[in-house]
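Chains A and B, in that order, are what the protein sequence lines are. If you're matching positions, the first sequence starts at 1 in the working numbering and goes up one per residue. If you're matching positions, the second sequence starts at 1 in the working numbering and goes up one per residue.
Since the hints were derived computationally from the structure, they do not count as laboratory data. Quick caveat: nothing in here was measured; it's all calculated off a predicted structure. Be aware that one or more of the hints could be misleading.
As the list claims (entries may be wrong) - Only pairs whose alpha carbons sit at most 25 Å apart, straight line, appear in this in silico DSS-like list of lysine-lysine:
| id | chain 1 | residue 1 | chain 2 | residue 2 |
| --- | --- | --- | --- | --- |
| 1 | A | Lys10 | A | Lys209 |
| 2 | B | Lys273 | B | Lys345 |
| 3 | A | Lys130 | A | Lys10 |
| 4 | B | Lys50 | B | Lys15 |
| 5 | A | Lys209 | B | Lys18 |
| 6 | B | Lys345 | A | Lys209 |
To be verified - Residues on chain A that point at chain B, a partial pick, calculated with CB under 10 Å:
| id | residue |
| --- | --- |
| 7 | Tyr181 |
| 8 | Asn184 |
| 9 | Gly185 |
| 10 | Phe186 |
| 11 | Met187 |
| 12 | Met189 |
| 13 | Pro191 |
| 14 | Met192 |
| 15 | Gly198 |
| 16 | Leu199 |
| 17 | Trp202 |
Claimed, not checked - The following label-pair restraints were derived from C-beta to C-beta distances:
| id | chain 1 | residue 1 | chain 2 | residue 2 | range |
| --- | --- | --- | --- | --- | --- |
| 18 | A | Lys92 | B | Val123 | 46 to 52 Å |
| 19 | B | Thr385 | A | Pro190 | 22 to 28 Å |
| 20 | A | Ile164 | B | Ile303 | 47 to 53 Å |
| 21 | A | Phe162 | B | Phe23 | 45 to 51 Å |
| 22 | A | Ile179 | B | Val395 | 58 to 64 Å |
| 23 | A | Glu97 | B | Ser300 | 47 to 53 Å |
| 24 | A | Leu147 | B | Glu81 | 21 to 27 Å |
| 25 | A | Pro190 | B | Gly115 | 29 to 35 Å |
| 26 | B | Gly217 | A | Glu97 | 37 to 43 Å |
Note that beta-carbon positions come from the ideal geometry of N, C-alpha and C, so glycine has one too.
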Amino acid sequence: MGLLSKKDTKLITDPLADNNPITIQVLGICSALAITAELKASLVMGIAVLFVLGVGNVVISLMRNIIPSKIRIIVQLIVVAALVIIVDQVLKAFAYELSKTLAVFVGLIITNCIIMGRFEAFALGNGPWKSFLDGIGNALGYAVILLIVGFFRELLGSGTLFGIPVLGDPIEKTGVYAIGYENNGFMLMPPMALIVVGLIIWVQRSRNKALIED
Amino acid sequence: MGLKENLHKFKEKNKDKKWIPAFNAIHTFLYLPNETTHGGTHIKAADDLKRTMNTVIMALVPCLIFGMFNAGYQHYLALGEIESANGFLGASFWTLDNLIVGLWQVLPLVVVSYGVGLAVEFVFAIIKGHEVEEGYLVTGMLVPLIVPVDIPLWMLAVAVIFGVVIGKEVFGGTGMNILNPALTIRAFLFFAYPTWMSGDKVWVHGAVERDQMIADGANLDAISGETILGSYAQNNAVAYDYWDMFWGLIPGSVGETSKFLIIIGALFLIFTKVGSWRIILSTLVGALVMGLIFNGVVDSGWISESSKFYGLMSVPFWQHLIIGSILFGAVYMATDPVTASQTNKGKWIYGFLIGFISIMIRVFNPAYPEGVFLAILLMNVFAPTIDHYVVQGNVKKRMKRLKVKTA
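Produce the complete structure using the sequences and hints provided.
Laid out in structure tokens, this is it:
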């Protein structure tokens with residue numbers, strides 16, 4: 001047996017595919033639409049949520065027996081808010097430009113349904129190790145979708161990946177721009193992110209018919 | 001045995017093959033099969049879908065032919081090679097030279113629109129195992145008419161794929177779509193490639209190319225093809241008189257310039273009962289009302305002449321009907337039976353709001369000099385809601401009547 005038991009592995013792999021927080025549970029859509037115009041922002045957002053959810057789940061799980069159930073939402077909010085402030089401050093200190101791009105959406109991680117959802121549904125009823133794995137799994141599931149959406153939006157919208165031009169220079173008309181290709185401005189707008197997420201959901205459900213609801 | 005029987009026999013023999021919907025579609029289009037599509041939510045009368053579609057296409061053909069001549073006419077006029085035509089039957093308009101430019105520019109748009117759109121429909125029909133529906137026939141005809149003449153063909157192809165898949169097939173195909181597919185295609189082009197969909201260069205064939213040549217150092221005059229709305233939005237003088245606008249001898253999207261031919265098409269659609277006169281009329285009324293309100297604002301002196309809205313606000317209200325594409329939108333787009341309201345009262349509300357909002361967007365948003373397509377798409381979304389309240393209102397009224405009777 002390796003580091004993780006079969007059950008533990010499932011905690012991580014399930015949210016990546018068949019129980020993905022974005023495409024199956026349809027949570028956390030708001031930030032997925034807002035910040036995925038660039039791959040870099042998607043990646044940082046994914047890491048931020050990974051940190052908040054991984055640590056947050058452990059903290060809540062450790063406190064799960066002493067939190068009075070009447071005020072548990074407030075306690076959860078305090079935990080997630082504290083973690084988000086840490087993320088926000090780190091970003092401001094080490095990646096100021098990026099923190100400006102992400103703007104309010106770092107702060108809005110507090111209200112990201114995925115985080116509160118995992119606290120409520122998992123961390124309050126499971127041990128710290130399992131909660132940690134669950135948090136990591138769900139955050140990765142979120143990050144994967146963000147990166148897929150970000151990949152298509154940045155590639156088709158700006159012709160770059162992580163800010164590096166891959167399709168040539170649109171002003172100097174090199175690469176594919178030389179034969180008349182043009183960037184798709186619609187890709188940079190949030191509606192297109194919704195459509196890309198929708199297409200991912202479509203592909204996923206047509207590959208696995210069990211996911212289709214009535 | 002004749003060809004007809006042979007084709008039917010062939011169809012019967014291959015009924016179970018995967019590709020048979022593709023054969024059926026071509027068969028239906030070119031010949032008269034024994035069966036036609038009767039399903040679809042918008043088929044209310046004893047018609048079949050094919051007749052409805054063919055009627056609309058017939059109403060569009062004059063616009064298309066005019067659009068071809070106009071493409072050439074605007075091109076040569078901008079180059080200064082011909083005189084202004086001065087009226088619908090002007091000598092310099094219906095010339096072979098103009099037609100050749102038009103054929104060269106417009107026919108590829110038609111071919112790409114139909115080719116790509118039908119290919120998508122065929123693929124979906126085969127995957128989903130249903131028959132190809134005639135729904136794309138009208139969309140494919142509308143699309144070339146509502147885009148600028150110089151739009152690159154690959155952009156059109158991408159937009160058609162997007163429009164047919166996202167605008168129609170994801171909802172379940174013809175008759176199930178919420179948004180008008182042709183306008184979805186236009187909206188996609190508008191937001192994805194704004195430099196090819198607006199401005200003063202795209203409406204006349206050759207203007208963009210000429211710009212590029214000048215940028216490369218050629219000693220030529222730039223061609224300007226500002227639309228009337230564009231001129232108004234920038235408070236510039238308009239170079240066309242009302243008759244030019246009415247006959248359609250102005251720059252614009254391929255098929256929407258001739259108000260005269262659109263009115264003929266409208267009468268044809270109303271006469272054959274394919275288009276709803278309620279929607280057409282109420283759209284125009286809505287536009288006039290909004291125009292009147294803006295005129296009132298200008299007359300009362302509530303807006304200064306330096307305001308950027310002054311130019312469009314002071315346009316006499318009736319002129320709003322002959323500039324821009326409100327008439328084309330009202331006749332061919334708003335009346336789409338799938339996406340419009342179904343109830344009679346609903347049609348009045350739906351149409352009125354389309355006209356009202358179109359003019360509002362036209363005046364208030366200089367980034368979208370023409371708001372008709374946005375207004376129609378917006379009202380497409382609300383059409384089921386309008387119907388719901390109309391039906392509920394009717395139910396309530398009848399319940400009340402019932403109570404009075406029984407009491």
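Hint check:
With a C-alpha separation of about 20 Å, the suggested pairing of Lys10 (chain A) with Lys209 (chain A) holds against the 25 Å cut-off. Of the pairs offered as hints, the one joining Lys273 (chain B) and Lys345 (chain B) holds, with about 17 Å between alpha carbons and a cut-off of 25 Å not exceeded. Straight-line distance between C-alpha atoms of Lys130 (chain A) and Lys10 (chain A) comes to about 11 Å, which keeps the hinted pair within the 25 Å bound. Using a Cα cut-off of 25 Å, the hinted pair Lys50 (chain B) and Lys15 (chain B) holds, with the two alpha carbons roughly 22 Å apart.
Only pairs whose Cα atoms come within 25 Å are accepted, and Lys209 (chain A) paired with Lys18 (chain B) is accepted, the gap being roughly 21 Å. About 42 Å separates the Cα atoms of Lys345 (chain B) and Lys209 (chain A), which puts this hinted pair outside 25 Å; it is violated. For Tyr181 (chain A), the suggested interface contact is upheld, since its CB lies about 8 Å from the closest CB of chain B, less than 10 Å. Among the interface hints, the one on Asn184 (chain A) holds; its C-beta lies about 4 Å from the nearest C-beta in chain B, closer than the 10 Å criterion.
Interface restraint check: Gly185 (chain A) against chain B, minimum CB-CB distance 5 Å, threshold 10 Å, status holds. Residue-level restraint check for Phe186 (chain A) holds (minimum Cβ-Cβ distance to chain B is 4 Å; threshold 10 Å). A least Cβ separation of about 7 Å between Met187 (chain A) and chain B falls short of the 10 Å threshold, and the interface hint therefore holds. Interface restraint check: Met189 (chain A) against chain B, minimum CB-CB distance 6 Å, threshold 10 Å, status holds.
Contact between Pro191 (chain A) and chain B, as hinted, is supported at the beta carbon level, the nearest pair being about 8 Å apart and thus within 10 Å. Proximity of Met192 (chain A) to chain B holds as hinted, the smallest CB-CB distance being about 8 Å (cut-off 10 Å). Among the interface hints, the one on Gly198 (chain A) holds; its C-beta lies about 8 Å from the nearest C-beta in chain B, closer than the 10 Å criterion. Evaluation of the Leu199 (chain A) hint against chain B yields a held restraint, the C-beta minimum of about 8 Å falling below 10 Å.
Because the beta carbon of Trp202 (chain A) sits about 7 Å from the nearest beta carbon in chain B, less than 10 Å, this interface hint is met. At roughly 50 Å, the beta-carbon separation of Lys92 (chain A) and Val123 (chain B) lies within the given 46 to 52 Å, and the hint holds. For the pair Thr385 (chain B) and Pro190 (chain A), the supplied restraint of 22 to 28 Å holds, since their beta-carbon distance comes to about 23 Å. At roughly 49 Å, the beta carbons of Ile164 (chain A) and Ile303 (chain B) sit within the given window of 47 to 53 Å.
The beta-carbon spacing between Phe162 (chain A) and Phe23 (chain B), approximately 48 Å, falls within the hinted interval of 45 to 51 Å. A hinted range of 58 to 64 Å for the beta carbons of Ile179 (chain A) and Val395 (chain B) is consistent with their spacing of about 60 Å. Distance hint for Glu97 (chain A) and Ser300 (chain B): a CB-CB separation of about 49 Å, consistent with the stated range 47 to 53 Å. The given range of 21 to 27 Å is broken by Leu147 (chain A) and Glu81 (chain B), whose C-beta atoms sit roughly 55 Å from each other.
Distance hint check for Pro190 (chain A) and Gly115 (chain B): the Cβ-Cβ separation is about 32 Å, which falls inside the suggested range of 29 to 35 Å. One distance hint, 37 to 43 Å for the beta-carbon pair Gly217 (chain B) and Glu97 (chain A), holds here, with the actual separation near 38 Å.
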